[in-house]
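*Asks:* Listed below are the residues making up each chain.
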Amino acid sequence: MDTQAKPPPKGILKKTNPIAETTSAELDAATKARNLAIHHASIIHDRRKISDTISDAVIALSKLPSGASATPPPSAASPSDDDAVSFTSQIRLFQPSDYDELIEERNCLGKCGYVLCPKPRIKVNQTGEFKLVNFGRKDFAIVPKKEMERWCSQACARRAMYIKVQLNETAAWERAGIEGIQIELYQEASSSGNRGKTSDPAGEIAKDLRSLKLEADRKAASDARELALERGDTGEKAQKRRVAVKVKEKDVSNAPAEPSLDQNNDGHLLLEGYKPKFDAQQQKDHVG
Amino acid sequence: MADQEDANREANERSIVRTWRAWRTVHEMAADRGYELTQEEVNLPLERFRERYISNEGTVNRSLLKFSARPSDDMMRKFQKPATPNDPSPGSDCGTIWIEFLDESTLGAEQMRKFGKFCAEHNYAAGVLVSNVAVSSSAKKEIAKFAQWTAIEWFLEDDLLINITHHDLVPRHVILSRDEKAALLKRYRLKETQLPRILVRDPVAKYLGMKRGQVVKIIRKSETAGRYASYRLCV
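Read top to bottom, the protein sequences are chains F and Y. So for the first sequence, full-length UniProt numbering puts the first residue at 1; every next one is plus one. So for the second sequence, full-length UniProt numbering puts the first residue at 1; every next one is plus one.
Because the hints were derived from the structure by calculation, they are not lab data. Keep in mind that the hints are not guaranteed to be accurate.
Facing chain Y, from chain F, some residues (calculated, C-beta under 7 Å) [said to hold, decoys possible]: (1) D46; (2) D56; (3) I59; (4) L109; (5) I181; (6) E184; (7) Y186.
The C-beta atom is built at its ideal place from N, Cα and C for all residues, glycine as well.
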């Protein structure tokens, strides 16, 4: 305050050294900008890292299944546990488009598109873009040849697509930390009853819907729990916070008196029996 | 049995001729881009190719089909980087090129990664991989990861069976240097974006190994003017 009261005489020359005045502010801004830049760079770096992991996973998964010499040899229906675990853990970050790339990669290597299937993909021995499937039957379809050549069989196509519908469209770096995302393999029915059960699209949709509903319910429950915690009325917390309340009767010795108006007529100024003196005090000060 | 053998030999023969043609086109391509190659290397006759690159079983030995080429002085000068106060004599954009025919039966991300690593480790400025099988899309994605160290290109053998620039309907394309491009833009008072465009994946642009931002001068024959030049910006 003292220094400001007596400012030094202002020179008429140009300021030669304005740096001394601005360093701290400039430095602050510079460090802030630097930190911001580093922050964003690290975000980009992390994203690159994740996309690198995904492309590494594509290469690794295109080589599965391992251990073709093991007994019994693994099949698409009953893969070895190691393969299944590495598949479900690595596929977690995939987007559907990455998964398509993985299938393409496997097809390039001549394998069936389903990761856990050791068989080669089928080659349709005919020219032309399309192929007739199940000719003369009820489930007759015209299928692009390319589509058919991606798999070794219909069953594998179904297994692979079962994985695909579980994958999420959101970017991989947004899901990287969430452990709740788990991919599950297609539940194989017993080999005899397999066909009738799995070829029911309505049933599958219903199942999907059920799982979707389950997820929504779970989310609603967790939301409700958080809200309750915020309000402070969870059962557990309330138990701890309870205070013992004792009701104490007040002793009354004399008879109740009839209320009377105040002597000095400023009853209207009273607030619960108290007369604020703020105004009066101020007025007195002003006059004084 | 004899029929079977005949069919096999015929298929082998066809494959040998195809590979030879691709081999020749790839050499022409390198020479057209300005790399130093001798006339004998470029015009290798089929007999000599057979002598050199055919294995005992009568098939092409693809593991031998690889070569590197150094850029000529003209090319180095043409693609000189612009001088800056800090770096008065910068190097050239182009460097030694490595050309290889794929030796495996598949071309996935793994093979592409191996090729990119090889080119980066041996300090090749550019690498060309000629494949006789389809390329997967994750393999194409790998190329971008090596962009910092080496420019990877890939061609299908099928696309190199003939040299497209020798076709009657393909006019002469000449890539402009940085200075020439600046002069052109100044002469016509243009911004880059006001030029007509040519895609990076255009067959001729791929053949010449064009990069984004380069300008190509296309010299056509014209009935009225004799010659007509147009310019296109590579995007």
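*Asks:* State for each hint whether it applies.
*Replies:* Evaluated hints:
1. D46: With a closest approach of 16 Å, the F/D46 hint is violated.
2. D56: violated, 9 Å
3. I59: holds, 5 Å
4. L109: Hint holds; F/L109 Cβ to chain Y Cβ min 5 Å, cut 7 Å.
5. I181: At about 22 Å, which exceeds the 7 Å cut-off, the nearest Cβ of chain Y leaves the hint on F/I181 violated.
6. E184: violated, 25 Å
7. Y186: violated, 24 Å
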